[in-house]
Amino acid sequence: MAPVKNLREAYGQGLVALGKQNRNVVALEADLGKSTRSILFQAEFPERYFEMGIAEQNMASTAAGLALVGKIPFMHSFAVFASGRAFDQLRNAVCIPGLNVRICGSSCGLSDFGDGKTHQALEDVAIMRALPGMTVLSPADAIEVAKMMPCVLDWKGPVYLRINRNDLPFVTPESESYHIGKVWKLREGSDAAVFANGIMVSRALEAAEALAKGGVSVRVLNVSTIKPLDRDAIIAHAQGVRAIVTAEEANIIGGLGSAVVEAVRGVRHAPVDFVGVRDSFGASAENYEILLDHYGLTARAVTEAVQRLLATA
Amino acid sequence: MVNQDTVNRLRRIAVQLRTDVVEMIGVGKAGHLGGSVSLGEIVAILYFHQMRFDPKRITDPNRDRFLLSKGHAVLIQYAALIEHGVIPRAEIKQVKTLAGLLQGHPDMAKTPGMEAVTGSLGQGLSIGVGMALGLRLDQRSSRVYVIMGDGELSEGQLWEAAMAAPRFQVDNLTGIVDRNRIQATGPTKDIFDIPNIEQKWEAFGWQVITVNGHDVAAVIEALEAAEKVKGRPTVIVADTVKGKGISFAEHNAAFHNGIMTEEQYRQAMAELDARRAELERL
Numbered sequence: 001m002a003p004v005k006n007l008r009e010a011y012g013q014g015l016v017a018l019g020k021q022n023r024n025v026v027a028l029e030a031d032l033g034k035s036t037r038s039i040l041f042q043a044e045f046p047e048r049y050f051e052m053g054i055a056e057q058n059m060a061s062t063a064a065g066l067a068l069v070g071k072i073p074f075m076h077s078f079a080v081f082a083s084g085r086a087f088d089q090l091r092n093a094v095c096i097p098g099l100n101v102r103i104c105g106s107s108c109g110l111s112d113f114g115d116g117k118t119h120q121a122l123e124d125v126a127i128m129r130a131l132p133g134m135t136v137l138s139p140a141d142a143i144e145v146a147k148m149m150p151c152v153l154d155w156k157g158p159v160y161l162r163i164n165r166n167d168l169p170f171v172t173p174e175s176e177s178y179h180i181g182k183v184w185k186l187r188e189g190s191d192a193a194v195f196a197n198g199i200m201v202s203r204a205l206e207a208a209e210a211l212a213k214g215g216v217s218v219r220v221l222n223v224s225t226i227k228p229l230d231r232d233a234i235i236a237h238a239q240g241v242r243a244i245v246t247a248e249e250a251n252i253i254g255g256l257g258s259a260v261v262e263a264v265r266g267v268r269h270a271p272v273d274f275v276g277v278r279d280s281f282g283a284s285a286e287n288y289e290i291l292l293d294h295y296g297l298t299a300r301a302v303t304e305a306v307q308r309l310l311a312t313a
Numbered sequence: 001m002v003n004q005d006t007v008n009r010l011r012r013i014a015v016q017l018r019t020d021v022v023e024m025i026g027v028g029k030a031g032h033l034g035g036s037v038s039l040g041e042i043v044a045i046l047y048f049h050q051m052r053f054d055p056k057r058i059t060d061p062n063r064d065r066f067l068l069s070k071g072h073a074v075l076i077q078y079a080a081l082i083e084h085g086v087i088p089r090a091e092i093k094q095v096k097t098l099a100g101l102l103q104g105h106p107d108m109a110k111t112p113g114m115e116a117v118t119g120s121l122g123q124g125l126s127i128g129v130g131m132a133l134g135l136r137l138d139q140r141s142s143r144v145y146v147i148m149g150d151g152e153l154s155e156g157q158l159w160e161a162a163m164a165a166p167r168f169q170v171d172n173l174t175g176i177v178d179r180n181r182i183q184a185t186g187p188t189k190d191i192f193d194i195p196n197i198e199q200k201w202e203a204f205g206w207q208v209i210t211v212n213g214h215d216v217a218a219v220i221e222a223l224e225a226a227e228k229v230k231g232r233p234t235v236i237v238a239d240t241v242k243g244k245g246i247s248f249a250e251h252n253a254a255f256h257n258g259i260m261t262e263e264q265y266r267q268a269m270a271e272l273d274a275r276r277a278e279l280e281r282l
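Protein chains in written order, with the numbering used here: chain A, 1 to 313; chain B, 1 to 282.
One chain only, chain A, in its complex shape (with noise of 0.2 Å):
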């Protein structure tokens, strides 16, 4: 059977894995299940499966006591409103005690195309990596969604998950063992390096493939966990190179950007650029490329940043 595309269907099927491997996990919506595909796991555990209606704060403090009492609760929202509408409850119930609630972030970033700057998350990189404990992750490709799941059962604290809405790209390798906070380097190159997550990785592969035809040698990084960010591979990786990019679908105030800058401050490195979206928040839009393109969330985007620093190095 061919691995599926979609990312959430992706996340739903690893769900019921996990589900069948633990019966510890328990499952919460606020009825978006047939969305986030969190339907899946009712079907197969509807004892172990919790419709807590339109109430996201509700459900986030609830996901909590479950925790609390030896549960591992995978909580389900748009991304927007499990990151935003809860994000009270997930500071002081879940990241104070440092809880093992999983947050699924679905739609996340423009993915929602259709339904507007309401629904679309572009900020909850910055606010989930703020809170003290939270591990952020940001896969590219339903693989690795697959493949982050059991790691993610397994993880000590809380996990907010950035789940795509659309099919993307199969990215990264089906081979290679997983685990968390590791940057995946998959593309080598000496010119620039690039580090991206979620559908911006396959866009930076795009980019680089187009600048090597140019001559250009790009290096490129799939930085699916955003936080704990592993500092010394980020490091590691900027070494070298006359360039450094860093791609992600979110707000680039605080989200991948600011945290590879983070990374190497206090050492040399290359002249530094983000692209992502420019403190603003989107729109509805007739499909996704238009609303990507429409923020300059595009391979070409990648390639121009490489160039302007490369041409300015």
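Wrong hints could be hidden among the right ones.
Unchecked claim - Stretches of chain B that chain A covers, calculated by requiring three or more beta carbons in the stretch to come under 8 Å of a beta carbon on chain A:
no., stretch
1, 96–109
2, 126–139
3, 152–163
Read the hints as simulated data drawn from the structure, not as lab findings. Bear in mind the structure is a predicted one, so any value in this text is a computation, not a measurement. Think of the CB as a built atom: it goes at the ideal place given N, C-alpha and C, for glycine as much as any other residue.
Guided by the hints, dock chain B onto chain A, whose structure is given.
Here is chain B on its own, set in the frame of chain A:
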């Protein structure tokens, strides 16, 4: 009928808990006196009579859970845990200090015996619902107690939880509303009046019992009645006096988080001592 010796013992414990709270706050420092001591009898009853709680085994998975959604009243919970020997008595002198174990609000990462992190108001009932659901999944007979303030009832999340618990037919959960009718900046009826509290809980699907929260026998009877309710949760609306047992703090919003002078501290201790002596003569 509740045994009179039990009632008298718990009344004395309540006075001791209040005394501990006054000692914790001390002189010249702000502390949540009023809403802590309004819970004197309720906390004494839960920790020294009603709950399955073994101070030697505070992580026993079969224990009952005590959640203070109105986390600012945690001083009264500290007092109970000090009297049980779970928290060292020496900590009474270093509440809200960097070196101490006792934070301004319940912090399970720091303080033994705390069941959750609460204090950002309106969240405790939701946490309690989660615990109750998890305990039921594991077929444990543990009960979850969640104490809320009447001022806190203006938090919307609390009503989300109030809807959720009956939906899941949670009956191992007892809510307690400490209806002392004073919130941080004044009487609840002036600040944010919430009329017909009992009818609201009933409409959300809860069994509701109203009691005098300082009447030990009545509170015990209410807690026992709550245990017998099947298929839905119970809330006990406990009418209490904010600042109970300390005359200058009673019904006084200034002592929601007030500062006692040396003279007030002495007066509080004298009044509590007098009450203790009175109870010992019974």
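Hints and how they fare:
1. Look at the stretch 96–109 of chain B against chain A: 3 of its residues bring a Cβ nearer than 8 Å to a Cβ of that chain, three or more, so the hint holds.
2. A stretch counts as covered by a chain when three or more of its residues have a beta carbon under 8 Å from one of that chain; for the stretch 126–139 of chain B and chain A the count is 12, and the coverage holds.
3. Under a criterion of three residues with beta carbons nearer than 8 Å to beta carbons of chain A, the stated coverage of the stretch 152–163 of chain B is upheld, 5 such residues being counted.
The structure shown violates none of the earlier numbered hints.
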